[in-house]
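Turn these sequences into a full structure, and let the hints guide you.
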Amino acid sequence: MKNTLKKRSNSENGVALLVAMITLLLISGVAVAMIVASGAESSINGNYRSSSSAYYAALAGLEEGRGRLLPASSNTIVGGNGIPAFNTVAMPVGQVTYIVNPNTAAGETLTNVLTATFYPDNQYDLEFGSGKLSAAATAGTVSNPPIPSRASTNTSAIPGPMYKWVRINPVTEYSLKMDVDNSGGPLNQTNVLYYETANTPPSLTQVPSPSAYQVLVVTSFAMLPNGT
Numbered sequence: 344m345k346n347t348l349k350k351r352s353n354s355e356n357g358v359a360l361l362v363a364m365i366t367l368l369l370i371s372g373v374a375v376a377m378i379v380a381s382g383a384e385s386s387i388n389g390n391y392r393s394s395s396s397a398y399y400a401a402l403a404g405l406e407e408g409r410g411r412l413l414p415a416s417s418n419t420i421v422g423g424n425g426i427p428a429f430n431t432v433a434m435p436v437g438q439v440t441y442i443v444n445p446n447t448a449a450g451e452t453l454t455n456v457l458t459a460t461f462y463p464d465n466q467y468d469l470e471f472g473s474g475k476l477s478a479a480a481t482a483g484t485v486s487n488p489p490i491p492s493r494a495s496t497n498t499s500a501i502p503g504p505m506y507k508w509v510r511i512n513p514v515t516e517y518s519l520k521m522d523v524d525n526s527g528g529p530l531n532q533t534n535v536l537y538y539e540t541a542n543t544p545p546s547l548t549q550v551p552s553p554s555a556y557q558v559l560v561v562t563s564f565a566m567l568p569n570g571t
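Using the working numbering, the letters of the sequence shown correspond one by one to residues 344 to 571.
Source of the hints: derived by calculation from the structure; they are not laboratory data.
Since the structure is predicted, the reported quantities are computational estimates derived from the model, not experimental observations.
There's no promise every hint is true.
[To be verified] FRET-style restraints, in silico, Cβ to Cβ:
no.: 1; residue 1: V375; residue 2: T458; range: 43 to 51 Å
no.: 2; residue 1: P427; residue 2: A449; range: 44 to 52 Å
no.: 3; residue 1: F429; residue 2: P568; range: 18 to 26 Å
no.: 4; residue 1: N487; residue 2: F429; range: 19 to 27 Å
no.: 5; residue 1: V550; residue 2: G570; range: 40 to 48 Å
no.: 6; residue 1: L567; residue 2: T543; range: 41 to 49 Å
no.: 7; residue 1: Q532; residue 2: T447; range: 34 to 42 Å
no.: 8; residue 1: G472; residue 2: A415; range: 32 to 40 Å
Even glycine gets a Cβ: it sits at the ideal position worked out from N, Cα and C.
Right, dumping it as structure tokens:
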């Protein structure tokens with residue numbers, strides 16, 4: 344009788360050990376899953392925070408560019424720097440004006456920000472065709488030196504937004520990838536576009552008129568310290 348009870352007790356001890364090991368394994372699995380999920384969530388939050396910061400930094404550059412296109416602004420760039428007074432003569436294709444915001448502590452200067460060492464403008468050639476920016480620079484129609492940004496000149500010594508450059512240039516059918524006149528032929532690469540306010544509704548056109556305003560595109564590039 345005693346031997347039977349002893350064997351049963353040993354058998355129950357083995358089952359209890361197995362149940363404990365399975366329970367520990369399940370708890371460990373849940374703990375690992377929670378750690379992985381927490382790490383993934385932190386990574387997603389970090390990426391979102393970085394992309395949002397870069398977006399708003401670039402948006403600040405767009406706002407400076409737009410603000411300095413206002414003729415009434417005390418810091419206007421209209422009437423010089425390759426940007427003619429509105430509704431007088433057109434800004435020609437190939438004319439490119441830059442506003443740059445260098446970080447002098449990192450060795451960036453007004454003239455080297457756009458170089459391959461720092462933040463070259465690779466987007467322009469995608470819009471106008473390969474080699475077009477280099478051709479414009481050779482023709483002397485790229486602002487040189489670029490216009491300094493107002494972001495780094497605030498009087499309170501508060502760090503400004505971290506955009507690197509803003510580009511202002513005219514657009515064509517080709518750069519917008521849009522058949523404005525519905526010709527059905529190749530997209531025009533030479534005629535600048537206007538916004539004709541006399542049309543109902545107002546629309547894009549390649550024909551200048553007293554009621555048409557030239558269309559300019561403002562492009563901004565931002566780079567955060569973490570590389571975003």
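Going through the hints against the structure:
Take V375 and T458: their Cβ atoms lie about 48 Å apart, and the range 43 to 51 Å holds. Distance hint check for P427 and A449: the Cβ-Cβ separation is about 35 Å, which falls outside the suggested range of 44 to 52 Å. Under the hint 18 to 26 Å, the C-beta atoms of F429 and P568, about 38 Å apart, miss the expected range. In this structure, N487 and F429 meet the distance hint of 19 to 27 Å, their C-beta atoms being roughly 23 Å apart.
Separated by about 45 Å at the C-beta atoms, V550 and G570 satisfy the suggested range of 40 to 48 Å. For the hinted restraint 41 to 49 Å between L567 and T543, the CB-CB distance of approximately 45 Å keeps it satisfied. Between Q532 and T447 the beta carbons are some 38 Å apart, a value that agrees with the proposed interval 34 to 42 Å. In this structure, G472 and A415 meet the distance hint of 32 to 40 Å, their C-beta atoms being roughly 35 Å apart.
Checked against the numbered hints listed earlier, the structure breaks hints 2 and 3; every other hint is satisfied.
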